[in-house]
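Undergrad: Residues per chain are reported as follows:
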Amino acid sequence: MKRVVITGAGTVNALGLNVPDTLEAMREGRCGISALQFRDVERLAIQIGAQVHDFDETAHFNRQQLSLYDRFTQFTLIAAREALAQAGLEFSGELAARSGVVLGNSGGGMTTLDENYRSVYEEGKNRVHPFVVPKLMNNAAASHVSMEFNLKGPSFTVSTACASSNHAMSQAFQMVHGGLSPVMITGGSESMLCFGGVKAWEGLRVMSKDACRPFSANRNGMVQGEGAGVFVFEDYDHARKRGAEILAEVVGFAMTSDASDIVMPSKNGAARAIAGALHDAKLNPQDVGYINAHGTGTAANDKTECAAVADVFGAHADRLMISSTKSMHGHCIGGTGAIELLACIMALRDGVIAPTIGYEEPDPECALDVVPNVARDAKVDVALSNAFAFGGLNSVLALRRV
Amino acid sequence: MNVQDKVIRIIAEQAMIEPSDVALTDTMQDLGIDSMGLVECIFALEEAFDIEVPFNANEPESSDFDISSVATVVAGVEGLIARQKG
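Residue numbers (UniProt numbering), protein chains in the order written: chain A, 1 to 402; chain B, 1 to 86.
Bound-form chain B, shown alone:
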């Protein structure tokens, strides 16, 4: 399973929907994931890929990790894997 599919599976599990129902253009809000759900999601991504995601729930927008859509989260995870495990 590639990074994108794995990220989508994690997000889908958090949103309690099927991975096939997650679109790359969806925002967390579209998927019904609130701020605590997002923190849980990020924890799951860190565990799944063995990475450290820089994220502070007080300032989600100013974090280096772009959570504005599923696509940006996938790109963020790929970037972190390259930097932290490359």
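Same shape as in the complex, but just chain A:
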């Protein structure tokens, strides 16, 4: 089996329009959540989100491209450009034929849907732009990445709600690990901060009106974000041969299904995914120094996740660090696992643990070291990234310092 390493990373999210700015914000415990700005926001009960502001798409794309790129595709392409520039890879011949792109996404081109539904239903128009379908389809981002970088191998989109990115990265890992592809571009993106997108979430009554406070006793719900995270997963020997800089090694993963409830999480399903990732990576629980939590800030997730971690790690659960960076970049749904992987890379590579900000009151049901409010310096050899989706679909990745 091939060893799999990460040789490039890119992102766009509310904390920064690239990786260095995002990591700096995580180190400083900065909050990317602010007042939402879009049409009809005053008709929403929930008016905050980790929205990407100061983003000028015309600085990155021409008119023709913008007629085809929904916001989730725009974020993905910018993140992919950053990741591939860092990796220093160009694809041609055999390498291009075998390398592909697997991305996570949940809502597709939600902004495009919203705008066009408004146009035909509210404004009564009977004509829409010819590119509505290719713009809103969930695989648009993966396809445009394949076209821009000449990736001709296995390419597709994975959609498992809040675990989409982790499932996508697990799939990409398998492809490189098993020798199918020498290089896979992977991660995910999401952009559903528009009137219809937030209105739908509002209906579930799980959103906070003021802040995302994971693990804090006074938490009152999730806050949605948007953005993309894209990585280059590469065969270790391939990366070494060309002298590439290695950010971290992906050493294992696991996927489980709760098979129980469409929205309520299960401790058992989460615990099986965490334990499965350790088993796949041939790690002992005490090897793990940091977990990037799913940590949504809902009553249900946080206590279930902490119970699952306590189950799997036993006494070691009190010695490891677990933080939720959603407190800063919001819940970026199908892109969230990818953005959160950056915190794992920072822990392994830079020895800096991103904090859980907004932490105000200890909760006895979440009695773990959640790295409250302030980042911490710590040497970490192994980090896990948790994702537990609506629908009970879970995926956990294990990373190691190189």
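Bear in mind the hints are in silico, worked out from the structure with no lab data behind them. Hints are all accurate, no fakes.
Straight-line C-alpha distance at most 35 Å; calculated DSBU-like pairs for lysine-lysine:
#1 LYS2/A / LYS267/A
#2 LYS303/A / LYS267/A
#3 LYS267/A / LYS282/A
#4 LYS199/A / LYS85/B
#5 LYS6/B / LYS199/A
#6 LYS282/A / LYS303/A
#7 LYS282/A / LYS379/A
#8 LYS199/A / LYS209/A
#9 LYS209/A / LYS6/B
#10 LYS85/B / LYS209/A
#11 LYS125/A / LYS199/A
#12 LYS241/A / LYS282/A
The model shown is predicted, which means the values in this text are computed figures rather than measured ones.
Let chain A serve as the given structure and place chain B on it in line with the hints.
TA: Leaving out everything else, chain B in the frame of chain A:
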């Protein structure tokens, strides 16, 4: 139909039982209504009475809207109608 009967009809429909089987002292748990069922119930009440119910599923107890029994839900709806439509 008065407010109480209408509320009971909505709760009974959610619980998939006859309105006559709903007692004012019943809790949502007694009626087999789980947290998602409760969110659906609240949506149905908002639609039926054209009111906004302040309710966050993360902190059901700290909401101004008391969901501890059928009677408190009826009282809550009556209060909201008076405040929001009075």
